[in-house]
Amino acid sequence: MSDDEKAVKIPAQADGPTEQGATLTEDAAPGEVLLKVTGLQKHFPIKKGLLQRQVGAVHAVDGIDFEVRSGETLGVVGESGCGKSTMGRLITRLLEPTAGKIEFQGKDITHLGVSGMRPLRRDVQMIFQDPYSSLNPRHTIGTIVGAPFKLQGVEPEGGIKKEVQRLLSVVGLNPEHYNRYPHEFSGGQRQRIGIARALALNPRLVVADEPVSALDVSIQAQVVNLLDDLQQELGLTYVIIAHDLSVVRHVSDRIAVMYLGKIVELADRDLLYKSPMHPYTKALMSAVPIPDPRRKNAKSERILLKGDVPSPISPPSGCRFHTRCWKATEVCKTTEPPLIELRPGQQVACHHPENFADQAPQDTVLLTVAKEAAELVADEVLAESAETSAALAAEVAETASEPTASTEAEAEADEAAESAEAVEPAEPAKVEVAEPVEPVTPAKAEAAEAAVAEAAEAAGAAESAKAAKGESAESAESAASAEATDAAGSEGQESNGK
Amino acid sequence: MTELSKSGAAVGEPTPASPAPTAFLEVRDLKVHFPTDDGLVKSVDGLSFQLEKGKTLGIVGESGSGKSVTSLGIMGLHTAGQYGKRKAQISGEIWLDGTELLSADPDHVRKLRGREMAMIFQDPLSALHPYYTIGQQIVEAYRIHHDVDKKTAKRRAVEMLDRVGIPQPDKRVDSYPHEFSGGMRQRAMIAMSLVNNPELLIADEPTTALDVTVQAQILDLIRDLQKEFGSAVIVITHDLGVVAELADDILVMYGGRCVERGPADKVFYEPRHPYTWGLLGSMPRLDRDQQERLIPVKGSPPSLINIPSGCAFNPRCPYADLPKDNVTRTVRPELSEVGSRHWAACHLGAEQRERIWTEEIAPKL
Numbered sequence: 001m002s003d004d005e006k007a008v009k010i011p012a013q014a015d016g017p018t019e020q021g022a023t024l025t026e027d028a029a030p031g032e033v034l035l036k037v038t039g040l041q042k043h044f045p046i047k048k049g050l051l052q053r054q055v056g057a058v059h060a061v062d063g064i065d066f067e068v069r070s071g072e073t074l075g076v077v078g079e080s081g082c083g084k085s086t087m088g089r090l091i092t093r094l095l096e097p098t099a100g101k102i103e104f105q106g107k108d109i110t111h112l113g114v115s116g117m118r119p120l121r122r123d124v125q126m127i128f129q130d131p132y133s134s135l136n137p138r139h140t141i142g143t144i145v146g147a148p149f150k151l152q153g154v155e156p157e158g159g160i161k162k163e164v165q166r167l168l169s170v171v172g173l174n175p176e177h178y179n180r181y182p183h184e185f186s187g188g189q190r191q192r193i194g195i196a197r198a199l200a201l202n203p204r205l206v207v208a209d210e211p212v213s214a215l216d217v218s219i220q221a222q223v224v225n226l227l228d229d230l231q232q233e234l235g236l237t238y239v240i241i242a243h244d245l246s247v248v249r250h251v252s253d254r255i256a257v258m259y260l261g262k263i264v265e266l267a268d269r270d271l272l273y274k275s276p277m278h279p280y281t282k283a284l285m286s287a288v289p290i291p292d293p294r295r296k297n298a299k300s301e302r303i304l305l306k307g308d309v310p311s312p313i314s315p316p317s318g319c320r321f322h323t324r325c326w327k328a329t330e331v332c333k334t335t336e337p338p339l340i341e342l343r344p345g346q347q348v349a350c351h352h353p354e355n356f357a358d359q360a361p362q363d364t365v366l367l368t369v370a371k372e373a374a375e376l377v378a379d380e381v382l383a384e385s386a387e388t389s390a391a392l393a394a395e396v397a398e399t400a401s402e403p404t405a406s407t408e409a410e411a412e413a414d415e416a417a418e419s420a421e422a423v424e425p426a427e428p429a430k431v432e433v434a435e436p437v438e439p440v441t442p443a444k445a446e447a448a449e450a451a452v453a454e455a456a457e458a459a460g461a462a463e464s465a466k467a468a469k470g471e472s473a474e475s476a477e478s479a480a481s482a483e484a485t486d487a488a489g490s491e492g493q494e495s496n497g498k
Numbered sequence: 001m002t003e004l005s006k007s008g009a010a011v012g013e014p015t016p017a018s019p020a021p022t023a024f025l026e027v028r029d030l031k032v033h034f035p036t037d038d039g040l041v042k043s044v045d046g047l048s049f050q051l052e053k054g055k056t057l058g059i060v061g062e063s064g065s066g067k068s069v070t071s072l073g074i075m076g077l078h079t080a081g082q083y084g085k086r087k088a089q090i091s092g093e094i095w096l097d098g099t100e101l102l103s104a105d106p107d108h109v110r111k112l113r114g115r116e117m118a119m120i121f122q123d124p125l126s127a128l129h130p131y132y133t134i135g136q137q138i139v140e141a142y143r144i145h146h147d148v149d150k151k152t153a154k155r156r157a158v159e160m161l162d163r164v165g166i167p168q169p170d171k172r173v174d175s176y177p178h179e180f181s182g183g184m185r186q187r188a189m190i191a192m193s194l195v196n197n198p199e200l201l202i203a204d205e206p207t208t209a210l211d212v213t214v215q216a217q218i219l220d221l222i223r224d225l226q227k228e229f230g231s232a233v234i235v236i237t238h239d240l241g242v243v244a245e246l247a248d249d250i251l252v253m254y255g256g257r258c259v260e261r262g263p264a265d266k267v268f269y270e271p272r273h274p275y276t277w278g279l280l281g282s283m284p285r286l287d288r289d290q291q292e293r294l295i296p297v298k299g300s301p302p303s304l305i306n307i308p309s310g311c312a313f314n315p316r317c318p319y320a321d322l323p324k325d326n327v328t329r330t331v332r333p334e335l336s337e338v339g340s341r342h343w344a345a346c347h348l349g350a351e352q353r354e355r356i357w358t359e360e361i362a363p364k365l
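Protein sequences appear in the order of chains A and B. Residues in the first sequence are numbered consecutively from 1, following UniProt numbering. Residues in the second sequence are numbered consecutively from 1, following UniProt numbering.
Worth flagging that the hints you see were computed from the coordinates, not collected in a lab. None of the values given here were measured: they were computed from a predicted structure. Ideal placement from N, C-alpha and C gives every residue a C-beta, glycine not left out. Just so you know, nobody snuck in bad clues.
Partial list, computed: chain B residues near chain A (C-beta under 8 Å):
{"id": "1", "residue": "Ser63"}
{"id": "2", "residue": "Asp211"}
{"id": "3", "residue": "Val242"}
{"id": "4", "residue": "Ala244"}
{"id": "5", "residue": "Glu245"}
{"id": "6", "residue": "Ala264"}
{"id": "7", "residue": "Asp265"}
{"id": "8", "residue": "Phe268"}
{"id": "9", "residue": "Gly278"}
{"id": "10", "residue": "Leu286"}
{"id": "11", "residue": "Asp287"}
{"id": "12", "residue": "Pro301"}
Calculated cross-link-like contacts (lysine-lysine; reagent style BS3-like; alpha-carbon spacing at most 30 Å):
{"id": "13", "chain 1": "B", "residue 1": "Lys227", "chain 2": "A", "residue 2": "Lys306"}
{"id": "14", "chain 1": "A", "residue 1": "Lys333", "chain 2": "B", "residue 2": "Lys171"}
{"id": "15", "chain 1": "A", "residue 1": "Lys162", "chain 2": "B", "residue 2": "Lys298"}
{"id": "16", "chain 1": "A", "residue 1": "Lys306", "chain 2": "B", "residue 2": "Lys55"}
{"id": "17", "chain 1": "B", "residue 1": "Lys364", "chain 2": "A", "residue 2": "Lys282"}
{"id": "18", "chain 1": "A", "residue 1": "Lys282", "chain 2": "B", "residue 2": "Lys227"}
Use the sequences and the hints to build the structure in full.
Printed below as a string of structure tokens:
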């Protein structure tokens, strides 16, 4: 029903203006890039000894790129220690980035000082996790919510008191409680006070760090609904950081999954939850306990990860997830996979993505750690994923060979539409292609293997063609497959819309 | 005694006068009250349930609904004047394997604690002693109840650490709690509580402090260990997902009382109390299509000093005005049977609730 409509609508929004580098207007229209982050890093030094020499660094955020578009909600999920809160504090510039660039409305704010940031503080506000420690117990609610006006020297129409009372009623509190102290309120009410304070200056971007995790279930729902309503009424843009995947899914348009300081997958909500591509995303989602006693013993669907998250002081080489991944091969250990858009609206950093064609099909020998990890994953899951990626590999091979043959993107429209149907993201198709004989290794049934080889060949062809044109081989390889799917995907959406 | 018979009779349990319960664990009309300067805090106010060996009971409720107080009450950890000079006031009966714990000799309960009943706490870092190694703490727990030398006890500790999935248990047994990660600490604590093969295991929010991937590991571990040891388990949590994974029976608490109790299937698919409806509606779910909007429970949980008169849930209940004569605000509803082994405490008629659930609530979830 309405779910379908949304599925169509959101990628459309994501397709918005792509000329990110161009100058943006002062008032970002819905869909325009409000915040752009490139290569953002934050390393916290570890100092030891009498001389406080630096002996190492915690790589809390280690090179992330993303955009936040006006009017959308970007959800950020990950386990504790993955750097999501640090990221939130970096984009609100409560922390100084080690490297990278943060642009807000086209303006570089990466290294702005306190006074330089002050005018921007009106536009970027934060909601904190703990409603108990984020409100000063010695100030009344009126002072707390009115503080932003005083700090910014803004005199709202009708006076600060009137405006504060209006804000209190907007977030569902009694305006007469203006003179009360925080301890007189419950957790949910305090969180509402925090929200009222964040909204005081009519910000464009609100960064909420775990806004509901300290609240009880029934109160959590109230606050989630409030955030939702405020976004609709005031046209707010949210970055919501949370560890609860069901809450994130409920509130977000797009979702970034973080692991050890990196974004491993960034995708539109529906794509991410229906067909996650990064193995970590898949494991994370399968670990969420489902409130349905009838599925109690459906243990087979769960992917158990081995051990704990490695230390961010010396993160693993290559792909950071390779120490716990059941698909890891040699290439994962040596080469870090870039975050690339494999499907419109879905960026993934993985050599062997789920629900998609293998990015490094030549590399099939599993690492020993991966074999151990695979023992924890039920055979059904492996079989299914082998099947889907085999099917997709076949399709991608098909589509990839077409554009290279007929000079890149100028693929025949109807042909593209045809293949678009096949690559249709929602249903990764259990096409009759392959019966996985050996589910554990990514080497699939013969048919699939042939398809993979074909894909490699096609990519190779593209590579040499591009090389002749004097372009870099690496970009060509990814471009060939990315463009092919891109064209196919957008065609598919159009026909879907009809 | 006259007080006790009230809810006991309504639930259809034997009256407290007949002291030989058939169930392995039976709690009858448990009340735990704490006197404070502001008044009497009625944390648990008349709770009854039974639990058989090999079964799991999930206790669900919001913070302040009395879940943890109940578990500490069963373990007998409320007495000895922990709350300043004033002691907690406990009444009711707790029968564990034919022994009544509240009236029993404290020394006897002390022998049972750890051996017959053990507990897994929410925050392993504060439940483990930072000064002793993991091994020393497990050995201590074992040697209190078993007359063995240190070497044997340590072997047993290594064995248990291995069983709960700690890598290199013979080395890690000499580590201190701070050297373990959150998930490993929780495993160590599970090892410690299971070292004496307890018949009753109480897990108070065992996974709340953990990440989802670690939570999945721990839930699996608890389930496997229960199968292996055949103990009765009480899981206390606010996460409906966790109870759905583990529990056979579910008890929903609100304001210190049980508002609904029954088999997990019934409580999730045919809930008969508006508060349970509220909990189910408040929760975004991954296994369903995206909900347009959550259906929260309005208002906030009651103060345990001034529990609303009548039904404790009436100020937040959207159906409080349906029953006649303002009965929801004056009379406290007792648990009444709404299905086989399924009880709910509500003034609305059973058919009326069934209709509201199937027509109004269930389609929106």
